[in-house]
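Engineer: With the hints as your guide, set chain L onto chain Z.
Protein chains: 2
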Amino acid sequence: MKTFFIAAITSLALLTSSCMENKSENKETELQAIFPKGELGPKENFTGNAWNIGLVANDTMYNTLVGNVYFEPGARSNWHTHGAGQILIITDGVGYHQIKGQPKQTIKKGDVVKCPPNVMHWHGASPDTGMQQMFIVPNTEKGIVQWLHPVTDEEYNNAK
Amino acid sequence: MKTFFIAAITSLALLTSSCMENKSENKETELQAIFPKGELGPKENFTGNAWNIGLVANDTMYNTLVGNVYFEPGARSNWHTHGAGQILIITDGVGYHQIKGQPKQTIKKGDVVKCPPNVMHWHGASPDTGMQQMFIVPNTEKGIVQWLHPVTDEEYNNAK
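These protein sequence lines map, in sequence, to chains Z and L. Using our numbering, you'd call the opening residue of the first sequence number 75 and step up by one each time. Using our numbering, you'd call the opening residue of the second sequence number 75 and step up by one each time.
Heads up, the list lumps identical chains together, so a pair's fine if it works in one copy or across two of them.
Below are the BS3-like pairs computed for lysine-lysine, each with C-alpha atoms no more than 30 angstroms apart in a straight line:
no., residue 1, residue 2
1, K111, K216
2, K188, K178
3, K178, K117
4, K117, K216
5, K188, K111
6, K111, K178
7, K174, K111
Hints listed in this document are in silico derivations from the structure and should not be mistaken for laboratory results. Predicted model, so just to flag it, every value in this text is computed and none were measured.
Isolated chain Z (complex conformation) (with noise of 0.2 angstroms):
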């Protein structure tokens, strides 16, 4: 009897602790991820690790270039404008989206944000937490992206 309460208690744990373990080991990974990772992002752009995947690539049927971001903890675009400005739309995480002169905001899963034609903005991963972030450039016979300079850790960590 005593054998069989021991093994009985002995399984249940292992079956309570495998499970437990499942569910944490869900909250590990890269957030939730709809699209496959996709290729590092070059360092002349980006700080950090940025993944990038294209979704719809630009033409002149629909002139609107989609893709996809999974930027880990800490990494962010350079600042950058678009032609015909861009639209981000946060599918999981937490990160920052930053237009020049305005102050940063934290963008997290369900936000979704609007940069201006030529204005300069930023946009990457909050400090502790990866953001996944979907983004749209419209009007592509207007330009897709212009490179700036990196995002200095003041400005990433700046408060405003």
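Structural biologist: Just chain L now, with coordinates in the frame of chain Z:
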């Protein structure tokens, strides 16, 4: 001692049961919802329940309309066209997309489909599994949507 064992077994059994229940509950929810559900699409334009939420309103700066639709199992849009085409991005679940004259496609999480300008198409969930789908209507100066007739059960279920 026997009381202790019984209490321990009961506690562990409840803990395991609760852990497993949480996991299955997640699967029974409306898939991975990134955005609020929104409003039911009108019966004039949809068969079954299709929940629409706007993400980017149409304007003259971006000329791009973006939204999310959660199609419940069996739900679909009517046949319709878009003046500058449409891009669909499936973020969870399984569904169908059909361009007039072409075979019905099965689409799932991570897929991206495009419908050219002024071409009839419909999209919706599969019979047993819902679908979370973002849509992009680009170049809205050419038109947004023209709704047509419902998709018949025969068309919806057609293997072709």
